[in-house]
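Taking UniProt numbering, the leading residue of the sequence shown gets 1, the next gets one more, and so forth.
To be clear, the hints were calculated from the coordinates, so they are not data collected in a lab.
Among the clues, some could well be false.
Said to hold, decoys possible - When the alpha-carbon atoms are kept at most 35 Å apart in a straight line, the in silico DSBU-like pairs for lysine-lysine are as follows: (1) Lys538 - Lys494; (2) Lys564 - Lys512; (3) Lys462 - Lys519; (4) Lys538 - Lys564; (5) Lys379 - Lys413; (6) Lys462 - Lys512; (7) Lys413 - Lys460; (8) Lys278 - Lys262.
Unchecked claim - Pairwise CB distance ranges, derived in the manner of DEER restraints: (9) Ala153 - Asp122: 12 to 22 Å; (10) Thr544 - Arg407: 52 to 62 Å; (11) Gln434 - Leu475: 15 to 25 Å; (12) Pro393 - Lys163: 55 to 65 Å.
C-beta atoms are modelled at their ideal positions from N, C-alpha and C, and glycine is treated no differently.
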Amino acid sequence: MKNIRNFCIIAHIDHGKSTLADRLLEWTGTIDPRDQKDQILDNMDLERERGITIKSHAIQMVYLYEEQNYLLNLIDTPGHVDFTYEVSRSIAACEGALLVVDASQGIEAQTISNLYLALAQDLTIIPVLNKIDLPGAMPEEVKDQIVELIGCAHDSIISVSAKQGIGIDALLQAVVTRIPSPQGNNQTPLQAMIFDSVYNTFRGVEVYLRIFNGMIKPGDLVKCISTDHTYKVEEVGILKLQQLPRPLLQAGDVGYMIAGIKNASEVKVGDTITHMDKTGQPLAAMLQGFVAVKPMVFAGIYPVDTSEYEALRDAMEKLKLNDAALVWEPETSIALGFGFRCGFLGMLHMEIIQERLEQEFNITIITTVPSVQFHVIDKKGQLLLVQSPADMPDPNDIGHIEEPVMRTQIITKSTFVGGIIKLCMDRRGVFNNQVYLTADRVELTFELPLVEIVFDFFDKLKTISRGYASLDYELCKFAAADLVKLDILLHNEKVDALSAIVHKSNAYERGKTLCRKLKDIIPRHMFEVSIQAAIGTKIMARETVKALRKNVIAKCYGGDISRKRKLLEKQKKGKKRMRQVGAVEIPQEAFMAVLSLD
1 MKNIRNFCII AHIDHGKSTL ADRLLEWTGT IDPRDQKDQI LDNMDLERER
51 GITIKSHAIQ MVYLYEEQNY LLNLIDTPGH VDFTYEVSRS IAACEGALLV
101 VDASQGIEAQ TISNLYLALA QDLTIIPVLN KIDLPGAMPE EVKDQIVELI
151 GCAHDSIISV SAKQGIGIDA LLQAVVTRIP SPQGNNQTPL QAMIFDSVYN
201 TFRGVEVYLR IFNGMIKPGD LVKCISTDHT YKVEEVGILK LQQLPRPLLQ
251 AGDVGYMIAG IKNASEVKVG DTITHMDKTG QPLAAMLQGF VAVKPMVFAG
301 IYPVDTSEYE ALRDAMEKLK LNDAALVWEP ETSIALGFGF RCGFLGMLHM
351 EIIQERLEQE FNITIITTVP SVQFHVIDKK GQLLLVQSPA DMPDPNDIGH
401 IEEPVMRTQI ITKSTFVGGI IKLCMDRRGV FNNQVYLTAD RVELTFELPL
451 VEIVFDFFDK LKTISRGYAS LDYELCKFAA ADLVKLDILL HNEKVDALSA
501 IVHKSNAYER GKTLCRKLKD IIPRHMFEVS IQAAIGTKIM ARETVKALRK
551 NVIAKCYGGD ISRKRKLLEK QKKGKKRMRQ VGAVEIPQEA FMAVLSLD
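Model the full assembly from the supplied sequences, consistent with the hints where possible.
Shown next as structure tokens:
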């Protein structure tokens, strides 16, 4: 056990975590040069397409140091704020972390956030300065920032270039010498934490675990403590590029277990696996896992073809297994039929889930307008949790509504401070603090309502700061606000999937813009379609999609005017009847139109 090192790589998005992982794998000879490709651990099509890490990836390396072989279990983690939960799970399975900082960009908001996660778990931090070969690198300046942030010695920071392979050997030596070996006892009852899992069509659920105490081998009867399910272990092994079976796993190891688990919902990330006594009671106590995830953004996901509902349910179960931050429950909508109400950590998380459902499971879906969770206190003083505009009670029964407010950290260049403060103030932000990290880098702290961050805040922030600003946020409180439910009526019928909960001050403007936008998106029908925005029974705005008309008087050349009138009256009656029985077809773009309102 003294020769095992478990560590993860944490950093802000685009600071070179996956490239550094490539170099470590190459340096330790873990991958064959023939299999070498950039970002080799990012094995999901979406990750390679977007150039970001979505899932954390575990892999084992062997490194020879002072004539001894060391087993290094590396976990590469995502850097985007929406995937913080992946990072917290990886941290729970490690004793150390490489904190990677880009020498040209310096410390960003997510660097600080991930560092606090690691410090909360009492991990040993090795600061790494990456991209020192870039023309715009400022190594000395960024080293000073790191020293100020974590209080380490100046010479303990390891300078590397993951692209060029500079400084990799020094980094591996630091991992061996600075990160402590795992503490545990092979002779005590088994205690293993599930930190990830994937679904294999042929073998069932593959569980990734970190063993803290005891041993596990094929043939053992094991129990998941929180779900109270018992399994017989079929195979255990370590994680290289492929899974390699081993006769047993012991304390300190990171590996996988296959036990013929067919039902995806039986495995919970953060659960503890142990052996049982003769009465079926667990032999070890539950490990203190990581905190349960709190979804921030809620949206409905519905199959376009209603016959695919069961297939969508299966797909959601398998995704939940692979992405523990996804929360869902069945719901119905008058406009869209049967579907699911899903909770996500943010807008990027929602986009990724949507694309994974379409790419990996081949299901065409419609996503409704994202919303956040509100606290509605009724006239009797009872608290209702509202995740969807459809759940909003009658306005006469509402005492007041509270919305989630986020403590938001923005790190940017001082040139863009004015524009960013204006953006936050326009979004009902409350200015808290402004700290100059260096002469031209500023940390701004705001309290912003989550409903204002959810839509296009991140895009606007990147536009104002020319891509330089970085954002991190966490829930700080629920505050009372003057919120109303904005309904959209098409053809005099409410479309629940287009409703939104908005602040009263911008409800009129929003309703007007949305009606205009829908007028351009909804195709013309054989009858006139009215689009209205309403709060309660009061109509705020209206647009009309003109009817498609056939030129019925084209065949009348000359002759009496009454003949033309007769044909037009006949057409008018037909249009009236069609307006009564006709149904409006709503394209998918209409549901997403709400997201891109300017």
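Verification of the hints:
1. Lys538 - Lys494: holds, 13 Å
2. Lys564 - Lys512: Answer violated: Lys564 to Lys512 is near 38 Å, above 35 Å.
3. Lys462 - Lys519: holds, 30 Å
4. Lys538 - Lys564: violated, 40 Å
5. Lys379 - Lys413: violated, 47 Å
6. Lys462 - Lys512: holds, 27 Å
7. Lys413 - Lys460: holds, 16 Å
8. Lys278 - Lys262: Status holds; Cα separation ~25 Å.
9. Ala153 - Asp122: 12 to 22 Å: holds, 20 Å
10. Thr544 - Arg407: 52 to 62 Å: violated, 44 Å
11. Gln434 - Leu475: 15 to 25 Å: Holds - the Cβ-Cβ distance for Gln434 and Leu475, about 22 Å, lies within 15 to 25 Å.
12. Pro393 - Lys163: 55 to 65 Å: holds, 57 Å
Checked against the numbered hints given earlier, this structure breaks hints 2, 4, 5 and 10; the rest are met.
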